[in-house]
Amino acid sequence: MLEGAERIVDEIPDVQFVLPLAPTIPRSTAEAIIGQYAVDVLIAEAYRYNLRAAADYAWVASGTATLETAFLGVPMVIVYKTSWLTWMIAKRLVNLPYIGLANVVAGERIVPELLQDEATGQNLADRTMQALSNPEQLEKTRYMLRRLRRKVEYPGNESANHPPLLASERAAREFLGALYRLSSGRMERGGIA
Numbered sequence: 053m054l055e056g057a058e059r060i061v062d063e064i065p066d067v068q069f070v071l072p073l074a075p076t077i078p079r080s081t082a083e084a085i086i087g088q089y090a091v092d093v094l095i096a097e098a099y100r101y102n103l104r105a106a107a108d109y110a111w112v113a114s115g116t117a118t119l120e121t122a123f124l125g126v127p128m129v130i131v132y133k134t135s136w137l138t139w140m141i142a143k144r145l146v147n148l149p150y151i152g153l154a155n156v157v158a159g160e161r162i163v164p165e166l167l168q169d170e171a172t173g174q175n176l177a178d179r180t181m182q183a184l185s186n187p188e189q190l191e192k193t194r195y196m197l198r199r200l201r202r203k204v205e206y207p208g209n210e211s212a213n214h215p216p217l218l219a220s221e222r223a224a225r226e227f228l229g230a231l232y233r234l235s236s237g238r239m240e241r242g243g244i245a
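Quick note on this note's numbering: the sequence shown kicks off at 53 and runs consecutively.
Take these hints with a grain of salt, some might be off.
[Stated by the list, open to error] Think about it this way: if two alpha-carbon atoms lie no more than 35 angstroms apart in a straight line, the pair counts; the simulated DSBU-like pairs of lysine-lysine are: (1) Lys-192 - Lys-203; (2) Lys-203 - Lys-143; (3) Lys-133 - Lys-203.
Because the hints were derived from the structure by calculation, they are not lab data.
Taking the hints into account, I'd like the entire structure generated from these sequences.
Right under this line is the structure:
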C-alpha cells in the first residue's frame, strides 16, 4: 500500500496519509514498515474513527473495517491479499461475487475491490486518482454508502424518517415480540399467560 502512497505524493504533493492503527499492532512495527518508504504517514492511535470519517478516500483491508468505513460515508477501495493456497481454498468454499463486507451487505459493488495480484501500489494509486479526480463519482459513492447504512439501520424500511434503532433496541423489540407470540399461544391453549 505504501508504494501506492509514494505514487500519489508525486501527483498530489500536499496529500496527507493517516494510518488508524489497530490496537493489536505495535506502533514500532508500523513505524518500521513506513520508514522504508518516502512518504509521511500520521499514525493515529486515538480518534481513529474521527480521522477516518474526515478522510476524502480510504484504502481498507477487507474485513469489518470496510463496513465501518462505509458507515462513516467514506469512499474507499477494498484491498485483499493473502497466500495463494488460502486464496484457492477460499474461492472454492465461498461463493460470493464480492469480498468486502460493504459490497456483500449492499448486494452490489459500490466500492472497488483489488484482490490478490490486482492489489498493487500502482493499482491503488490509479484507483485513488481516478476517484479523487471525479467529484460526481465520489458523490455517487457517498450516496450509495448512505443508502447501505440505512439498509442496515432500517432493515426492510430504508426510507424511514425516524432515528435509527440501536442494536440493543432492535434486540429488545424482537425479544418482546417473541415473548408476546409465546404468551398468545399459551392463552389460546388455556395456559397461564
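Cross-check of the supplied hints:
1. For the hint pairing Lys-192 with Lys-203, the CA-to-CA distance comes to about 16 angstroms; that is within 35 angstroms, so the pair holds.
2. Using a Cα cut-off of 35 angstroms, the hinted pair Lys-203 and Lys-143 holds, with the two alpha carbons roughly 27 angstroms apart.
3. For the given pair, Lys-133 sits about 28 angstroms from Lys-203 by alpha-carbon distance, which is consistent with the 35 angstroms threshold.
No hint from the list above goes unmet by this structure.
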